Amino acid sequence: MENLPPDVIIEILSRLPVKSLCRFKCVCKLWQFLISHPKFVRRHINLTITDKEIEHQRRKLILNSCSLSSLYYVEYEALSSNHLMARELDLELIKSLHDEVKLVGSFNGLLCVSVGPERMFLFNPAMKELKKIPNLDGNIFHPWFSHISRPCIYGFGYDHSLDDYKVVNIVNEAFVYVYSLKTDTWRKAAQNFPYKSFNSDHGIPLNGAVHWVFGRGKNSVESSSRVIVAFDFAEGKLREVPLPSDAADSFNTVGVFGGCLCWLTCGTSTGTTAVKQYDFWVMSEYGIKESWTKVVINIPFLCLRPLSFLKNDEALLEIDGKLVLYNPKEGTHRELVIHGIHGRKKLEIQTYVESLVSPTLWDWGLKEICSSDEN
Amino acid sequence: MSTDTVKTKKIILRTADKEEFEVDEAIAMEFGTVKSFFEENPDASEEPVPLPNVSSQCLLTIIEYFKSRGGSSSAEDEAKAYNEEFVKARDNESIKELILAANYLNIKDMLDMLTQAVADRIKNKSVEYVRRFFGVENDYSPEEEAELRSRNEWAFEGVDPDDD
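For the record, the sequence lines run as chains A and B. Residue 294 in our numbering is what sits at position 294 of the first sequence, and the numbering runs on without skipping anything. Residue 436 in our numbering is what sits at position 61 of the second sequence, and the numbering runs on without skipping anything.
Next up, chain A with everything else stripped away, as it sits in the complex (with noise of 0.2 Å):
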């Protein structure tokens, strides 16, 4: 019988899981090399986007909260029932720091994580690799400059044009600062930053750019219009998204959903009994002012932020501080209680999916591939 053909091979490789794929790189050097090639991880990673069933199993809920030292996930398979165990993120480097562990973003199953305000690293879950990113030069954190300055506003995501992970992260609201792991350097993007920050919300990535929400203008006194600014790795630079024409301007936020961008109004309770019905709006064409579309949810709500589409597309979300299973076409709905997370404030609830990337790639392993490449 004869053997199965390289790109049929590939093709069974390339559905596999990440555990069962780190394992058989030691099938032979061949199988390897392939594994850890940039083509196959790209490959493996599409497979999340083209097929449903795959996504399924590679999705994974990241969950934070606020003092505590560790990450949390729950498993996409266990939210066909209605308590959900959480369980702790193997993270032995970090946990031993004893720090508070924020998580800064998520992309193509790297995590971007902080811990305590000095140290942030770029973690890949599935394949247990770490990487800690350098800090910025150390004029730029003097104890006296950050002791009266603002929080830094990170963001983390993927530059297209150049297959590249990169951090934001804004200073003091004055500099724009982007960390590349291709490079594993920080350079000065921009030294004009005509916006104020509302909080310390971290961006959303999305099509080559971060996204934040910030007023216009840096005066405190005037009344800060929002906008969602953008930094586009390609273009190295900060741009502006359209708003959509008709939205409430109430303590909006941004996320993705579906693939798309979407913009969250969040409500105030007003003491009342009766809460307002908020909408959040879809950009269903990036960049397109004209297709923002409204959503409309029979659930009421004050804080409404859109997680991901499960398989069935029953949507996840997060209401109010609690996860939420809402399906469209019943216009049913069921709420998620999390167990297993113990001395919890405000949970953080972020999605990932499972992949190859390394974040160590280049530190010791590309020269081999490159190398080899030659074969």
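Just so you know, not all the hints are guaranteed correct.
Stretch by stretch, here's where chain A covers chain B in the computed footprint (C-beta under 8 Å, at least three residues) [claimed, not checked]:
| no. | region |
| --- | --- |
| 1 | 472-485 |
| 2 | 499-505 |
| 3 | 512-526 |
The hints are simulated quantities; they were obtained by calculation from the structure and are not laboratory data. Source: prediction; values computed, not measured. Idealized CB from N, CA, C, for every residue including glycine.
Model the placement of chain B on the given structure of chain A, informed by the hints.
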């Protein structure tokens, strides 16, 4: 055998062992190779299409798969259940043979289904099992292999014991 419409066109396929099969056009056109054959030879509609890389046993199985699966109108759950049944009964060697045939005949859906089935079968297996399955030789030195294994020690936890 479909006799519901008079117009059901049949296509003749000839396998490697020189057997000929009469197949509904609808099914035959699911095979990318057959479709290309007719695009390149538009006058050949009456002649048997040669498939020298497919055995008659394999072709029979594939034809039965399409006949029993029903049209693309069948519900997603039903199709999924049917696929699982189809695969469950078959051993590794017959699945590999079907993959080679589906690859040669260029049947994308069936190939996706079969490659996923293999992935599901091997995902918890040992390195040795996988080497045997794919007929791959180990070209690591003992030291290299030991180093690689210790670096990925966590990936070796919970692996099925070999039963082949």
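Query raised in the report: So which of the earlier hints does this model not fit?
Result: none
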